[in-house]
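Quick mapping for you: the protein sequence lines, in order, are chains W and G. At position 5 of the first sequence (counting the first as 1) the number is 5 in the working numbering, and the numbers step up by one without a gap. Take any residue in the second sequence, note its place counting from 1, add 1000, and you have its number in the working numbering.
By construction, these hints were calculated from the structure, which means they are not laboratory data. Hints are not guaranteed to be accurate.
[What the hints assert, rightly or not] Selected chain W positions facing chain G (in silico; Cβ < 10 Å):
hint, residue
1, 9
2, 24
3, 109
4, 116
5, 151
[Said to hold, decoys possible] Lysine-lysine pairs mimicking BS3-like chemistry, simulated, CA-CA at most 27 Å apart:
hint, chain 1, residue 1, chain 2, residue 2
6, W, 45, W, 77
7, W, 45, G, 1003
8, W, 2, W, 77
9, G, 1003, G, 1282
10, G, 1204, W, 45
11, W, 2, W, 45
[Claimed, not checked] From chain G, some residues computed to sit far from chain W (all C-beta separations above 10 Å):
hint, residue
12, 1008
13, 1045
14, 1050
15, 1052
16, 1314
Ideal Cβ placement from N, Cα and C applies to all residues, glycine included.
Spelled out from the first residue to the last, the chains are:
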Amino acid sequence: MKPTLATVWLDGCSGCHMSLLDMDERLIDVLARADLVYSPLVDLKVFPDTVDVTLVEGAVSSEEDLHKIRHVRERTKLLVALGDCAVTSNVPGMRNLFGVAAVMRRAYDDTVAGPGRGTTPSEVIPALLPTSRPVHEVVTVDLFLPGCPPPADAIHTLINELVEGRTPDLSALSRLGR
Amino acid sequence: MSKTITIDPVTRIEGHSKITIHLDEAGHVSDARFHVTQFRGFEKICEGRPFSEMPSLMARTCGICPVSHLIASAKACDALLAVRIPETAETLRRVINLAQILQSHALSFFYLSSADLLLGMDADPATRNLVGVLAAEPEFARRGIRLRQFGQQIIERLAGKRIHPAWVVPGGVSAPLDETTRDWILSSLPEMQRLVEETLADFKRRLEQFREEIRSFANFPSLFLAMVDESGRLDFYDGRLRFVDARGDVVADGIEPTAYAAHIAEAVEPWSYLKSPYYLPKGYPEGIYRVGPLARLNAADGCGTPLADQEWAEFRDLERGSVLSSFHYHYARLIEMLHCVERLGELLEPPECLGRQVRAHAQPNAREGIGVAEAPRGTLIHHYRIDEHGLVTWANLIIATGHNSLAMNRGVLQVARHFVDGRKIQEGALNRVEAVIRAYDPCLSCSTHAVGQMPLTLQLVAADGALVDEVGRAS
Chain W
1 MKPTLATVWL DGCSGCHMSL LDMDERLIDV LARADLVYSP LVDLKVFPDT VDVTLVEGAV
61 SSEEDLHKIR HVRERTKLLV ALGDCAVTSN VPGMRNLFGV AAVMRRAYDD TVAGPGRGTT
121 PSEVIPALLP TSRPVHEVVT VDLFLPGCPP PADAIHTLIN ELVEGRTPDL SALSRLGR
Chain G
1001 MSKTITIDPV TRIEGHSKIT IHLDEAGHVS DARFHVTQFR GFEKICEGRP FSEMPSLMAR
1061 TCGICPVSHL IASAKACDAL LAVRIPETAE TLRRVINLAQ ILQSHALSFF YLSSADLLLG
1121 MDADPATRNL VGVLAAEPEF ARRGIRLRQF GQQIIERLAG KRIHPAWVVP GGVSAPLDET
1181 TRDWILSSLP EMQRLVEETL ADFKRRLEQF REEIRSFANF PSLFLAMVDE SGRLDFYDGR
1241 LRFVDARGDV VADGIEPTAY AAHIAEAVEP WSYLKSPYYL PKGYPEGIYR VGPLARLNAA
1301 DGCGTPLADQ EWAEFRDLER GSVLSSFHYH YARLIEMLHC VERLGELLEP PECLGRQVRA
1361 HAQPNAREGI GVAEAPRGTL IHHYRIDEHG LVTWANLIIA TGHNSLAMNR GVLQVARHFV
1421 DGRKIQEGAL NRVEAVIRAY DPCLSCSTHA VGQMPLTLQL VAADGALVDE VGRAS
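Isolated chain G (complex conformation) (with noise of 0.2 Å):
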């Protein structure tokens, strides 16, 4: 006779999803298995709508990465215009993009998943959460909103409006950058580099104390796939694929994102609403590969600014090939917010970026069109077919934390081993097993397209499968 510890809903992530952990006999870890409770079907319900559509109804796949959805979405759209876009209009989707980027990872560092570095793994529940953060390390907590507020606010300024704005439209953008707008940016990135370091120095020092979680959430080998310039470094918004392995050799480079196809396939299981994608040439599972944060500080030769080149040179340095904890997510995360704020001084100095030529305006030229970027839980691939009339026939999504399937899966039996004593069940070791979810920053709503009376039941499963008796957890 079986037991399953079930963990509904897993908590402070962006999604819906539940884990069970199955014991054996002798209570001992088995299985675990992460479940995605959310389907949306995006693929299907934009079907017959105008292509020109797609941006603003792809956006709301997603609360959080609004923007990274309109920037895949917008450049699929491009390619059935068959246009090049105006420069100025790329260079203020890179700016939108990179603000988005900034305010995401400030949710998911501060907002999700600080509660767990501060506050401990073994914390009270009840104040482990950001109104204890703000308790706790009042001025930690005001930093997170502090930056958060900061890419929420460029999006706000440029494009009207802070959660799924229209701004970013097939063929470019659809108003351009006004001078005052350019002008705060800039003159409010010294501050927002200020609390980046300090943050970024203060997680550093504290590294030590998570000896046991960095060398369990979901350490494994593994292939990373990122998105990188024709330098091979850091590039959110254009570039090729690239796989590296655990050694950190590149397996495959300069896929063109069109050719997504003919190296990523997608698997279905029947336990979750989440697909699982693979590297094609590996096969299913053994082709299990990483995106986000971690993979594109793996995979790229580089940031490509000056400060956020010195702290990604230390963060290599942790280990010999590619960083394999997924606990060091959080540790990429500050980085690439680093990189954000060095970028966004970049594209914003020249003067170019005030143009006012900033969309091209077309008839679809083609039928089908594919749009790739890097949002900031990984790369984004958006894949649609037009009849005709430019009416959407078919689309195809593969979502940044869909990649990632496999990963937290392995992720959440591997902690659940190390953590988990099905004998003595303990909060801060189920909460470990949520904490290497929050460390990939799912999104869960974006990626699938029962309220517990008890925080976690104990079900025995008979061989064949059938519950023969739940009980709750005491606590």
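Isolated chain W (complex conformation) (with noise of 0.2 Å):
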């Protein structure tokens, strides 16, 4: 059987997952040798009992993340955090030097003229963390691959070694804010 694949995005750009399509062909080579059983990229919405490897894209900075991250644990073998958010909180720890309040009121208050001007919204959205984590403040990560994005290559050799069943060394591959 086919070792199984999954990406879940938490609070990020979605530029770790484009780095991911970013692979080209070499993607039909890696879709053909592990199923990607969920992603944003495919439309189930359950996250499977067992999966081998998750990668995760983006920091825990809502109700929903934090839910979602716990559960994906909770079902996954191996955990990858993908990217500088998912390994330091990044850009979406920005917001942590103002404070929640503070940010809302920039985007709901001081920059709408219009009807609802000073409406947080809060109803069936989920609700924000007072602080913006990475990945491993949560859950425990088995692995970390940083980058704003990390490089397709990267990525590339991560998934090619997972599937083969090796933990390759990825201080190589990526670094930081590249």
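Using the hints, put the two chains back together into the complex; each one sits in its own frame.
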């Protein structure tokens, strides 16, 4: 049976997922060697009971992110923090300097001229956590691949090695901020 | 007692969202809403940063269209410097922006939406994705990979990196174009033109199969907003703003981008992190308008390149006034891809593109700057204020996807009313509700700055809004 692969996207810009697609035609080979069982790129909405490898893009910024990553961790054999937001909280973490209330005020009050000015959206949508955190502060992470985003070559090597059952040395493949 | 169907998460789009469909007691759709569930706060987090950092920081709003943010941000910074950038720099910014639009449109059409179009809206959700398209129509899928790759390679060759490059800077770009790269791009264009033309022909052949979707995918009268050049043609980099209405008549024209706030205001709804811009003279929510490929082809008097102009004329013949069905965003996207390929050739043929002077140097000379460009998804506005040291004190961003907020909401309601029967819920019907959103190619991480146990839940909600019961959908 082919190993199963999932990708999850928390609070990020999708740049890491785009870098995954930047494998271009090599993606065809990767998708032939591993089953992509859950991802923003596919339609299945339920995270499977067991997944061999899950790549996580983004920081943990909302209650939904927190719930999701705990759920994913319980069902994943090997969890990879993919990219600087997952590794350090990076850009989402910049809001920690100001606090949620001030950041909301700028978005929904200071820059709004129309109806609903000053409304803080709170219905149906998940509440923001007081601070945005890197993934490893919330659940155990097995591997870290930094980069903003990590280069496609690094992601390609990472997945290939994991699919073969080897644990790659990622230190030479990418670095923070690259 | 009303019921709510929740689609969570919406898949094969860029960003985090869910859709709720509200049913009345007879099981008919009474309302539907598109909830954007991510909030990032770029308008605040840039506060205190040096203005010169803004393009690189703002690129991080989006991994799909970082270049669009680089461009709008750098234009706002040019205004802070109060400089006119060298002509070669403008040409090169246009080139990288076209590459960006090409790759982003390829992503939207081939990677995210083509499974619905090729395999069908009712296909098995397990294979209704790029992998399924690769298996069913490998040549079609490879075209998409190739076109996206080409756009990304241009960005990489010009700017050193495919995603979040730093090459577009206040005052111009940081390095000139070399001859080898220019020649490589030019020599690749015939292949790209062929790939887009084949795809357009394929798409037009299949249009007949989507009559129902064309009729119900956010097909309603609204205004359309786009930037056009001095001749009224498509311009992604610079120009003036134009609003047209459903009949195709110009409502407001020649709007200086710096005057955007006199025409556009934003509203806030409590159930989404995405704000809802509207055309100010018509008020809220009557001032609903759309942006992006469909809006651009409706607003412009033509594309300005020969092949795209032919396609544009055929496209505009679909309807007497503006083309109103949001299903045709896909069609418009393909025409724009053809235009991008043609424009790249026009910009890179003259030797001036190899000019060495590509950056104007200055200190900040103005306290306020506004930069506007057409991103893949539509008009993108960056507006900054700085202090005397050049540190950012305030920023407002109106992102392409945001402009479409009201239209996306009205779209999910229309398509849900048409396809969803609350007494017998079918997966394919719900996929169409998602597909109407995919047509807009929304970029939600951009626009806003639960792992469901079941793909769907039915919620029983009391009149006071309290949740009475919740059940998973039997699949």
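So, going through the hints one by one against the coordinates:
| no. | hint | result |
| --- | --- | --- |
| 1 | 9 | 7 Å, holds |
| 2 | 24 | 4 Å, holds |
| 3 | 109 | 9 Å, holds |
| 4 | 116 | 3 Å, holds |
| 5 | 151 | 8 Å, holds |
| 6 | W:45 <-> W:77 | 20 Å, holds |
| 7 | W:45 <-> G:1003 | 21 Å, holds |
| 8 | W:2 <-> W:77 | 15 Å, holds |
| 9 | G:1003 <-> G:1282 | 33 Å, violated |
| 10 | G:1204 <-> W:45 | 31 Å, violated |
| 11 | W:2 <-> W:45 | 21 Å, holds |
| 12 | 1008 | 7 Å, violated |
| 13 | 1045 | 4 Å, violated |
| 14 | 1050 | 14 Å, holds |
| 15 | 1052 | 17 Å, holds |
| 16 | 1314 | 31 Å, holds |
Consistency with the previously given hints fails for numbers 9, 10, 12 and 13, ordered from lowest to highest.
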